[in-house]
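Asker: Protein chains in written order, with my numbering: chain A, 2 to 584; chain B, 292 to 570; chain C, 9 to 540.
One or more hints might be untrue.
When the alpha-carbon atoms are kept at most 20 Å apart in a straight line, the in silico EDC-like pairs for lysine to aspartate or glutamate are as follows [said to hold, decoys possible]:
1. C:K435 x C:D498
2. A:K365 x B:E314
3. C:K435 x B:D506
4. C:K30 x B:D553
5. C:K435 x B:D430
6. B:K383 x B:E328
7. B:K383 x A:D550
8. C:K510 x C:D199
These are computed hints drawn from the structure, not numbers from a lab.
Residues per chain are reported as follows:
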Amino acid sequence: MADLHFGEDQPTEAERAAIDAIVSQAEAATVVETERVVRGGRSRRRGLRHQLLPVLHSLQHEIGWISPGGLNGAAERLGVPPAEAYGVATFYELLRTTDPGHRDDVVHVCVDPACAMAGNDDLQASLEADGARVHASPCLGQCERAPALFIQGVGRPDQVPADDDEKFRLPQAGDPGLRVLRRVGVVDPTSLDSYRDHGGYEALAAAIEMGPDAVITAISDSGLSGRGGAAFPTGIKWRAVADEPGPDKHVVANCDESEPGTFKDRIVCEHDPFAVIESMTIAGLATGAPHGWIYIRGEYPRATARLEDAIAQARAAGLLGDDVAGSGQRFDIEVRRGAGAYICGEETALFNSIEGFRGEPRNKPPFPTTHGLFSQPTAINNPETLINVLDIVIDGPDAYRSVGTERSPGTRLFCLSGRVGVPGLYEVPFGTTLGELLDVAGEPTGDLSAVLLGGAAGVFVGPDALDMPLTLEDTREAGATLGSGVVMVFDDTVDMEAIVVRIAEFFRDESCGQCVPCRVGTQRQHEVLVELQSSRQPLAPQRAELIDDMALAMVDASICGLGHTAASAVRSALALGLIGNSQ
Amino acid sequence: MSSVITETAVTIQVDGQEVAVPEGATILDACDAAGVETPTICYGPTLTPVNVCRVCVVELDGSRALVPSCSRPAEEGMVVHTDSERVRHSRKMVLEFLATGVDVSQADELGQWAEHYGADPDRYVPGGETMDEPVRVQDNLYIRDYDKCVLCYRCVEACGDDAQHTYAISVAGRGFGARISTEFDVTLPDSACVYCGNCVAVCPTNALQFKTEFDLRQADDWRPEDQTVTQTVCSYCGVGCNLELHVQDNQIVKCTSPDDHDVTKGNLCIKGRFGWNYV
Amino acid sequence: MIFLWGSNAREAHPIFFHHVLKGIDNGARMYCVDPRYTSSAQFSDVWVGIDVGTDIALANGIGREIIHAGLANQDFIAHSTQGFEAYAASVEPFTSEAVAAICGIPAEVVVEMAHAYATADKAQILWTLGITEHHNAVDNVLSLCNLALLTGHVGRWGSGLVPLRGQNNVQGGGDMGAIPNKFPGFAGVDDPDHRARFETAYGRELNPVPGLHLTLMFEAMERGDLRALYVIGENPADSEADVLHARAQLESLDILVVQDILMTRTAEMADVVLPASVAWAESDGTVTSSERRVQRVRPAVSPPGQARHDIDILCDMAEAMGDELGPRDPEAAWDELRSLSAMHGGMAWERLEAAGGLQWPCPDEDHPGSAFLHGWLWADDLEGREPAPFSALEHEGPTEELSEEFPLRLTTGRALDSYNTGVQSGKYDSPLRFAGLDLNAHDAADLGIADGDQVRVCSPRGSVEMNARVVSSLPRGLAFTTLHHPELIDVNVLTNPDWDPKSGTAEFKAAAVRVERIATHQTAATAGASVG
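From just these sequences and the hints, can you work out the full model?
Answerer: What follows is the structure, given as structure tokens:
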């Protein structure tokens, strides 16, 4: 029999239960109504496809891997061809498609720069000595408390041992200049009442009062731009979605931060989840989008739980649902977990991931504002961007612009890690210099040799950049970027060649593999750097030329930002002389 | 193709030359209209563009990065450069990249373009990663030699949404480790494959080969220059699919279907594709 | 909106089904009416698994519901049809409950289908042998036509009635007059005006009496009236229902001449075999597809040994009988057809050379061909034709009722990788090939049969041994096998020869059988009755 062909392997009882937990038999793609009537078909299958990643998560979590039988069961329940389900399952770091041979938890140890500087290898060795199942992982988003661990549970909840509210303290706690972080560490993140006591949901009331048009105008006038890395003007984005006809529109909060060195979404979502929910709700009402989605990386169990809890409380209080806060408008939010793929932070890859496809970026145009999630108009924003909306709505654009610069108004969150006084999340006005920011973080721990700005996709700058004001315009002029707000500091004791090789390896590992320049370019770039590292010779001119040639092709011809930026850090390290000299 | 072509004309400039194309046409269509040849790998006239190979990129005034001509709709007033330094560089690099990891020896068109752009796959670090896949011979109809696979997605599209809707294969894995695969790499007879051979028909590098061709190549007796191609109509059901019979030494050696035929659009079923050897 | 009714097009017409899938991808809903949950049904929104041979009851029930719900297209009925009152009266007993009882499906589905079809903007009914391989084949077809007339889903772009032709040139044979009662271009031999036209063209007197179709020929053989048979490219010794009986008739002939490309079972029985070239790959000519599309076939290879082109053999036969059929040239033969058949008139040979061919009617050389028929139903004056007639039809189940002795319904059909009696398709190495009996799991369990066991299938006409396969695509009480492997499974020993007097087709789709296990899987495996 042709077509949906599920092979011989059947799901076990446990696997069936794991699938049932997400999509029951009654909701399946093919429903046998009677022996003589079967309902199914492609539109029904299409409608279920977005449950694929949740079902795979469930299997991984309950069984410890996606077995052939489990995959068949999931594929049959959802009407997804098994080959496609396999293609999706093999895309993600947190999903396993080979039998691990045990049902132990898997301990992910971060191997990216901040954790490398903090001795991740010693941690890994000691864990392995204790018999743990250790898995070397890309950045886990805990750089301020490196070296980082994430325990992927089998049959029990995932855990991050460092998650401990008692110990959490914002370095700038009590600073009256805080805007976005004002409530972080202050409000009880598990309580809607506490959030309300700290001014929560005043902005939503104000936004309903103002109406969608005035809200979007205020956002535009404030000069707010995206904080995820691309710095696109938020007002223009929202206006474009609002102008699209029809009710099938979406607001997506992109909490998939996976840029090495970035951990701000985690802290914000864990400690001020209602602010994310409230600001998304404002976005939904302003753009006329009834569907809200939070896509959060799979390594953030506590942030996920807090958001889900906050959504439930907001829904119970009438702040989400068919009639949001008496506005007469519908808005509700679904949370979706990523499964370990840096690329899914790219907005169109994120859409594909939610939709149940491989997290491969789409070509743009068309842009998300017209063809976003489910190819419908979508406003997608980073949580930091969204939370800024609350103050703009309440205080107005002028007050918002009272700090920062003309072209970079407001404040900015920075994730400080590495050889810095007190690693952590900081908020300073745009225009603060790099040196001033480092000073806020206290005494440096060594002789500063370089700062990685903007993460692995950013660039290294040297000590001469300490005077550079941290604005969009100044960094751009300097050939740098603020990216997602990473400020990772290195001193002269750090093996920069190892750091740069690891960054190249990170891009090689995280390339989705779709387009040739990035798939092959990141591989070959890594090979050149490994050769350089092992040769202990200065970089040969023809190798330098090759690196430049590859970089130019990746920048010019890749589909998405991953390829565009995969050579930035490498080339800046070469330009600064951090690597490539004989040692 | 997914784009709807209407009568309204759009005028764009290709290498200084004004070309009018119907609304909905792509930059690639405009290049064709202007007589400018463009290398393509993942593009196929019967397939929805996936724009993954990036070899057809062009420079578009006002666009920071290069744009894939196969999928980007032509818009009034666009100014396109197909032979700028940047375009030549990226095209060369794509061809060079592919040749470093994939056996492109049977991808004739690719080889010609690589020569045209001066691609030099030998300048990379020796011993770099390659596809490194065994030839999969699992039945007598067609073989899969993923050493020759450039991951253009054309087979996946032909097996899936664009024609056959069988979805026996997908891209699995990620990055350089990505491969075209059935679920858990099960053999084709154990997969959903219905042997329509539509994947083989669209493969640009001979990674997918009819078994007849594979066997003749193994015997060093595959002689395209001695082959004739005759268009006729399939002898099985009443749908009227057109066949192109490739004949060498008065023997049919493979069967394809014309891309521009309204009924088949290059596609066939197992009977039409393989059921000819009683002749 | 698509009704796929008695057709497994996904396997029997795969490339046509690509076009159906495009419609489904663009939002069309599909109901699949078939006793089996086929691979086509997998793509449908709703599969409706009626009992074999209850199509008229379902169609009448849908018609009744459309009328009662006020969904009939009154303007169209008044303008373009006749006989509505009698039809409406005839479907009155077919309440959804009555239909449910006859067809074995829930009553609500009948209502749902009626509303879905009648309220659709565009709707098509597609069918194949599930409708026509019955003793009341023509009535089955007419019952579907009634639905189109009731709603006006006919004669417009995107709406219509689509019978899918099973063979690559069965339509072309009809175009050329290879029908017992028609001249080329479907001109009736008993129509004096047409006959006069052909007599003038051929320069001789023509027989005004319609000939016999295949089923009547076998009856004539049995009566002893027909003593010589010339078979061209047909394999009745395998393909006829109740095939043992058919073989006996062929044996009894004075002379049997078979012209074929391969040694079929019929050829093996022949007194004279005339080896022919392969029409589509070794000779020149045209074929006409299911959608009336005339296309060119061309020689790609030269015929082996003594094989000759059909046209040469026929001309030589004529010469040997002292006659001259004209030039041995496909193009000349085609031009002769064009001169005699108005609908082919505009199809110049050069126009057919272009990819895609042309669809008739194509009356003149400027005519682009016709994508669909029956547009006249929407013309103000009906183009001078009579309004289309409704047909009042009675439900009759299969002629062979199930009994204690033969409790299972056996139906036959096609598989993706094979074709008819496997003469051609049996020659390539298909990994999909299966020859055997499909059974429902409950029936198999009741009979003590496991997957892979060897079984004996008995009908009132004979018995055949084969492997059994337990499948989920069959409801209880129904067994299925294909006709593709007569060398292994002589399935037409079992099939019911009762035939439709209007079409001459036998009731291949419904025999009563008994299934018995004769060997377990292990033993059966070594017996090797499964191929591929």
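Asker: Going through the earlier hints one by one, which of them does the structure break, listed in rising order?
Answerer: Those not satisfied: there are none.
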